[in-house]
Amino acid sequence: KAGVTQTPRYLIKTRGQQVTLSCSPISGHRSVSWYQQTPGQGLQFLFEYFSETQRNKGNFPGRFSGRQFSNSRSEMNVSTLELGDSALYLCASSLELGEGKTQYFGPGTRLLVL
Amino acid sequence: AQTVTQSQPEMSVQEAETVTLSCTYDTSENNYYLFWYKQPPSRQMILVIRQEAYKQQNATENRFSVNFQKAAKSFSLKISDSQLGDTAMYFCAFMKRDSNYKLTFGKGTLLTVNP
Chain A
77 KAGVTQTPRY LIKTRGQQVT LSCSPISGHR SVSWYQQTPG QGLQFLFEYF SETQRNKGNF
137 PGRFSGRQFS NSRSEMNVST LELGDSALYL CASSLELGEG KTQYFGPGTR LLVL
Chain B
-7 AQTVTQSQPE MSVQEAETVT LSCTYDTSEN NYYLFWYKQP PSRQMILVIR QEAYKQQNAT
53 ENRFSVNFQK AAKSFSLKIS DSQLGDTAMY FCAFMKRDSN YKLTFGKGTL LTVNP
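These protein sequence lines are chains A and B, in that order.
The number in our numbering is simply the position in the first sequence, starting from 1, with 76 added.
For the second sequence, counting from 1, position 107 maps to 99 in our numbering; every step adds exactly one.
Heads up, a few of these hints could be off.
[Unchecked claim] From the structure, some residues in chain A lie toward chain B, with a derived Cβ separation under 8 Å:
1) S107
2) F121
3) L187
[Claimed, not checked] Dumping the calculated DSS-like pairs for lysine-lysine here, alpha-carbon to alpha-carbon at most 27 Å:
4) B:K65 x B:K99
5) A:K133 x B:K65
6) B:K62 x B:K99
7) B:K70 x B:K99
8) B:K88 x B:K62
9) B:K88 x B:K99
10) B:K47 x B:K99
11) A:K133 x B:K99
12) A:K133 x B:K88
[Unchecked claim] Here are some, though not all, of the chain B residues that point toward chain A, as calculated from beta-carbon distances under 7 Å:
13) M37
14) F60
15) K88
16) N92
17) Y93
18) V105
Hints are computed from structural coordinates only; laboratory data are not their basis.
By construction, the Cβ of each residue, glycine as well, lies at the ideal position given by its N, Cα and C atoms.
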């Protein structure tokens, strides 16, 4: 079974631009979560989607948004990029039932904001 | 809010030896899950081991085992017979049982296995 995939893997943007990142979960997984990883703040939860609904949201400004499609694929969008948004963005998927809430992570999208 | 603390930013161990990584957490919850994830250099994060708080028996996965002390809110990871491929950043993480998949991570411990 294929793992979690994320595209693109690397991205360079300038301040003020917006960016969209994509995540395809493991086949059959319906929950998708997003995390931001930076050297200073570590790993921080952004949001979680299940059946096209956002069920949980972390403490990030409204510039960070996401959505989930009917095939469970998810996108996250960051508008009006700031230098501090440079980070590794990780997506994780989970099987809703069973496996004790284990999340499987993708390789991440590394975003650099100049 | 829950917090997870990993007090050892970096550790090193010789190949074939045993090493223990520390993790403590703070929560008022009674039902929760604890995880150890491994993130090798420039590679993706993978699950090492998982513990359910209501289970008193410590989880074990091959060379990896945990020492779960619920009252002390401690969740350490023991790696036996360390291998070069164990070199990675290790993250301890907490999830409330009803939190809909929100993981709270510690800052991580960088483990280097030396030949």
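Holds or violated: the hint that Y93 (chain B) contacts chain A, with Cβ atoms closer than 7 Å. It holds, given that the least Cβ distance between Y93 (chain B) and chain A is near 5 Å, below 7 Å.
Restraint: S107 (chain A) near chain B, CB-CB cut 8 Å. Satisfied or not? 5 Å, holds
Answer holds if the nearest beta-carbon of chain A is closer than 7 Å to that of N92 (chain B); otherwise answer violated. The hint holds - N92 (chain B) has a Cβ within 7 Å of chain A, the shortest such distance being about 4 Å.
Pair hint outcome, K133 (chain A) versus K65 (chain B) [Cα-Cα no greater than 27 Å]: Answer holds: K133 (chain A) to K65 (chain B) is near 26 Å, not above 27 Å.
Check whether the Cα positions of K133 (chain A) and K99 (chain B) lie no farther apart than 27 Å. 20 Å, holds
Regarding the hint that F121 (chain A) lies at the interface with chain B, is the smallest CB-CB distance below 8 Å? Nearest chain B Cβ about 5 Å off; hint holds.
Regarding the pair K47 (chain B) and K99 (chain B), is the alpha-carbon distance no greater than 27 Å? 25 Å, holds
Are K88 (chain B) and K62 (chain B) close enough, with their CA atoms no more than 27 Å apart? The hint holds at about 14 Å.
Double-check F60 (chain B) for me: the hint is only fine if its C-beta lies closer than 7 Å to a C-beta in chain A. Status violated, d = 14 Å.
Sort out whether K99 (chain B) lies within 27 Å of K70 (chain B), counting only the CA atoms. Given pair K70 (chain B), K99 (chain B) holds - Cα atoms ~18 Å apart, limit 27 Å.
When the nearest CB of chain A is found for V105 (chain B), is that gap smaller than 7 Å? Violated. Min distance 22 Å.
Holds or violated: are the alpha carbons of K133 (chain A) and K88 (chain B) at most 27 Å from each other? Distance of about 14 Å is within 27 Å: holds.
In this structure, the hints that do not hold are numbers 3, 14, 15 and 18, in rising order.
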